[in-house]
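Novice: As you go down the protein sequences, you meet chains A and B in turn. Last residue of the first sequence: 211 in my numbering, with the numbers rising by one and none dropped. Last residue of the second sequence: 1912 in my numbering, with the numbers rising by one and none dropped.
What the hints contain is simulated information worked out from the structure, not anything from laboratory work. No experiment lies behind these values; they were computed from the predicted model shown. Each residue gets a CB set at the ideal place from its N, CA and C atoms; glycine is no exception. One or more of the hints may lead you astray.
Taking beta-carbon pairs under 7 Å as the criterion, some of the chain B residues facing chain A (in silico) [said to hold, decoys possible]:
hint, residue
1, PRO1049
2, TYR1066
3, LYS1664
4, LYS1814
Dumping the calculated BS3-like pairs for lysine-lysine here, alpha-carbon to alpha-carbon at most 27 Å [said to hold, decoys possible]:
hint, chain 1, residue 1, chain 2, residue 2
5, B, LYS1011, B, LYS1695
6, B, LYS1476, B, LYS1695
7, B, LYS1731, B, LYS1695
8, B, LYS1082, A, LYS140
9, A, LYS140, B, LYS1731
10, B, LYS1011, B, LYS1293
Which bits of chain B does chain A cover? Going by a derived footprint, with three or more residues having C-beta under 8 Å, they are [to be verified]:
hint, stretch
11, 1441 to 1451
12, 1523 to 1532
13, 1687 to 1700
14, 1818 to 1832
15, 1844 to 1852
16, 1855 to 1862
Here is what each chain is made of, one letter per residue.
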Amino acid sequence: MRWGMVIDVRRCVGCQTCTIACMQEHGLPAGQVWRFVADCEVGEYPDVRRLFLPMQCMHCADPPCVPVCPTGASRQREDGIVWVEYGACVGCGYCAVACPYHSRHLIHEARGYFDALTPPELATAQPERVGVMTKCNFCKERVDGGRAQGLTPGIDQEATPMCAVACIANVITFGDLDDPKSPVARLRAETKAQPLLPECGTEPSVFYVVE
Amino acid sequence: MAATNGATIEKVPVYCYQCVAGPDLLKVIVKDGVAIGVEPNSDFAEQHPACGKVCVRAYGLIQKLYNPGRIRNPMRRTNPRKGRSEDPGWEPISWDEAFDILGGRLSTLRARGLVDEAGYPRLAVTFGAGGIAPAFLGTMAAFLSAWGPVDQGIGSGQGVKCYHSEHLYGEFWHRAFIVAADVPRCDFVLSFGNNGDASGGVTGVYRHSEARVRGLQWVQLEPHLSITGAGAVEWVPIRPKTDAAVLFAILHAILVEHGWRSVCDVPFLTNMTSSPYLVGPSGYFLRDPATRKPLVWDLDRERTVPFDDRLCVRPAMEGEYLAAGVEVGADEAVTSVSQRVRPAFGLLIEHVRPYTPEWASGIADVPAETIRRLAAAYLRHARVGATIEIEGVTYPHRPVAVLLGKTVTNGWGGYEACWARTLLAALVGALEVPGGILGTAVRINRPAQNRHDSVRPGPDGLMEQSTNATTREGWKGSPHIRNAYRTLVPLVNNSPWSAALGPAHLPWLFLDKDAAPEHWPAPTLPEVWIIYRTNPAVSSWETGRIERELERFPFVAAFAYTQDETNWYADLLLPDASDIESLQLYRIGGTKYQEQYWQHSGWALRQPVAATPFDTRDLTDVATELAARVGILDGYLEAVNRGAGTTIPLRDEGYDHSFKPGDKPGVTEIWDRVCRAATHALTGGRVELDLDWFKRNGAFFVPFSMRQYFLHTTMVAQGLRYEMPYQERIKRMGEELSARLHERGIKWWDVQLEEYQALPKWKDFPGIWQQTAVLRGKSAADFPFWLLTSRSMQYSWGANVSLPILADVARHVKGHFGVMLNRGAAARLGIANGDLVEVESPTGKTQGLAILREGVRPDVVVILQQFGHWATPFARDLGMPNLNQVASMDLTLTDATGSGADLVPVAVRRAS
């Protein structure tokens, strides 16, 4: 089993619904994002294209962020999810330097959006993340919790990463890349989806459909 | 309700209606009584066209509820002086005191008479936020109905929020308040600035996404590469406000260069449009002297016959024929005719003959070859003759559409562009059929809930049209409200929406004594102005002028979410319960607005999800209390009984949930009865559900047939034709309106009267805006750039500029927060990315940070949305400029429908 995603860039309109849904799902402090959609232009006027590129942790099969971690806080599960054990992290930032996708984020302070934390900010605060490295974890709590209920990630909303659940254009397909019958594996095969920066050799689990 | 780690989690179903592209359904996650998140309502994934999803703004609802920058309790102004530099001196008061103040003002006004000496209502009410206000106003409409004359035409601003000409002409031609492509069955779209991926809501984005992957070819013609342009197969960087020229040239290519008989849908043109009608020398249809029916030339019998002569199978479309009859002109003037006349279609061909692609190329900066290629592609994809079966009905299938954006349909040139677009659909039979262009809703005609029922046979084989009369007997020469829509704009009719669709900036324009027109009632201010979700000090053109006028308003009561630039001038702030802290049942599904095409229709509930953090009131309770204080409670309840505001009567055949005189119901009792009535009416009495059921389940649906999408079947069943290409009625109403105005000595609307053309001609539309410099004694050459706006999905409508979480995500989308301009043009001006730039128009200056892009024409700068806040919490710190700060509000920039456009000639330089 290897959890992964296919991101169909043809569908994306850069609305940032996935961005804000992720922020909410993980109770991220003000100014922090684990994913966002980049607004890109290619070419020169008048021969120019604009495209929207969702960016996040690629959950690489060979993640450079893991071996560089001096405390073992940066970890990879059997199912491919790369995550951080906050209690073991010292916030040194080695992993952030190692990641070619700039997908790791140090939370310096649990800042709210206003002078004082609002009731929902207080209700979703996670003080254990302050001073440590954080990142997209493929919503492992949803995946694990859903599976415990007999649900299928990528099929059932409760077991699927929130970015995919929230996306209004069906850009993000999540599931088991090792299951050839899964929607994500089929879509990857049908569209010949490709990873970003394959030359880095990290074997990402996130693939992009561009054309 | 579930318990997780000791916490109690509840998911409360509500709808989001922060833009008219909804409602969409969601659940608010509530943890131990605190709303903490939002998720799509997958319970309705089968019914919702976008699988129950909600967009980025819905996720901002949590912060919107708990925003500490909100107005927390009613407040009254203590500083009698009004001005930007005058602190209002807000003093907190109780709701009881607030009702005393507003109720007292209203009672006094009522005692003095509802209408002032100029004939205008003393009470004015402005609801902003496009068409979304009714989803939040509770029963406020019932209060206004019981009140009597109210001026609802003092505008919030238009521009980036409105498809004005499309609304009026779209309803006129095919009951299309909004025109949408039938995207799921469409293969080719020519989009002139239509930005549906930013403004079409969840359903629009979802439909477009599916279509792109399927292979829909979308060509985007616009001065800057928008969100929607990003998904197009081709971007054509057209010069601003020249869209009609390219559209005319496409018509030329089809009608003149391709040979229309070989590429057009000839049966559709012949039988379903007024193309064959003969036109007399005065420009009116040639008619049978006895029956007054329009005549056509029967090629087989070689004589004129009435248009509905069943034996005529080959009416002439071209040529010249010696014929006799009468023309009926303005004011029923009858002229006998006996001379050579031509069919309307033949006149059309001659009309577009000068509009060659080469001609348009010089105007629009679009190569002639591109125009010809797009015309050929349009024809190739139209598949004239093809059919498709939907729900057992065989329809023509014409998978091509032309869509228009807001600056294209607004203001001068809007009529011409809308006409050409509709005509392009008619030429290939792509009007109101699968794959083509469709209407989504009616707002000017009635009934509002069903486009098909609004189609009724009118004269000449055409649809009946409800317009404001221009005859001597019927014309309303004295404006009944300050924007004078019934007097000046026949097409806007007189529906509940008409005041907002009239020339809503005219009140602002005419309040200025120096700009007050001749032979017109003296401008008066409303003695009480109630405002809700409107901020004209930001959203109207020439914001400085609006502020100066606001200083003079004697009493303004503002339902207020935060302090903002308009309620800074108010006398009373009333914090209404916001999106997820108030109660309202609302219609959902069917077809409406942007691209709402459902296979279900029904009702959805918005409800309080948690204890309100501040001293807010539900607008239904506010309406009830105000009615009681003013002494119109029984009239108000009777209006509620009729369905005012709720759109469902509480008593009708088979049920009676009405209130009785003397009742004073609370908000839950009112909406409980609305829930019961709505479900009873929807199901013919099979189901009647109460408020508690809706609170648990969120929405109730019944199936909605896809056959309702297409007007075609109703037009065929009633034997009606579309009024294309020749606009005899438009011409007549223009001539009559001209006569009426001139009879009163009114000449200041003469330029607008020129828009009433049977076959619209190209004018130098960009030049109209360039003249604003000359009118102010400046040189047009000193303002070589065009300043435009564009939609931000994150910020449009919704009253959410004070939410920092939206700024956090919007920063990833280009244009937030600065001035977009072409990289090469910027280099020539010595402007680098991030530099502070000054944008100067003939009437003002503004500043913002430069955002350099390749996807912007070198003669264009773009400022997203409408910002420029100076009082709204958080937004005032964004440093975001606003086109409206430098746009001028002029009569010369106002078209015949009363609309202008977000288009400003400017100079750009690095700020010193």
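Novice: Each hint needs a verdict: does it hold in this structure or not?
Specialist: Cross-check of the supplied hints:
At a threshold of 7 Å, the smallest CB-CB gap from B:PRO1049 to chain A is about 11 Å, leaving the interface hint violated. About 4 Å separates the beta-carbon of B:TYR1066 from the nearest beta-carbon of chain A, less than 7 Å, and the hint is met. Because the smallest distance between the Cβ of B:LYS1664 and any Cβ of chain A comes to about 33 Å, over 7 Å, the interface hint for this residue is violated. Satisfaction of the interface hint for B:LYS1814 is found here, the shortest Cβ-Cβ separation to chain A being roughly 5 Å, below the 7 Å cut-off.
Proximity of B:LYS1011 to B:LYS1695 is assessed by CA-CA distance (about 11 Å); at most 27 Å being required, the pair is judged to hold. Simply put, B:LYS1476 and B:LYS1695 have alpha-carbon atoms about 47 Å apart, too far for the 27 Å limit, and the pair is violated. Proposed proximity of B:LYS1731 and B:LYS1695 is contradicted: the alpha carbons are some 53 Å apart, above 27 Å. Proposed proximity of B:LYS1082 and A:LYS140 is contradicted: the alpha carbons are some 56 Å apart, above 27 Å.
The hinted pair formed by A:LYS140 and B:LYS1731 fails the criterion: a straight-line CA distance of about 66 Å is larger than 27 Å. For the hint linking B:LYS1011 to B:LYS1293, the alpha-carbon distance of about 62 Å lies beyond 27 Å, and the restraint is violated. Coverage of a stretch by a chain is defined here by at least three residues with a beta carbon nearer than 8 Å to that chain's beta carbons; for the stretch 1441 to 1451 of chain B and chain A the count is 0, and the condition is violated. Taking a C-beta to C-beta cut-off of 8 Å, the stretch 1523 to 1532 of chain B contributes 0 residues in contact with chain A, too few for the three needed, and the coverage statement is violated.
With a threshold of 8 Å between beta carbons, the proposed coverage of the stretch 1687 to 1700 of chain B by chain A is violated, since 0 of its residues qualify and at least three are required. Only residues whose beta carbon comes within less than 8 Å of a beta carbon in chain A count, and the stretch 1818 to 1832 of chain B has 3; three or more means the coverage holds. Counting residues of the stretch 1844 to 1852 of chain B whose CB lies closer than 8 Å to any CB of chain A gives 0, which falls below the minimum of 3, so the coverage claim is violated. For the stretch 1855 to 1862 of chain B, the assignment as covered by chain A holds, since 4 residues bring a beta-carbon within under 8 Å of that chain's beta-carbons and 3 suffice.
In summary, the structure is inconsistent with hints 1, 3, 6, 7, 8, 9, 10, 11, 12, 13 and 15 from the numbered list given earlier, while agreeing with the others.
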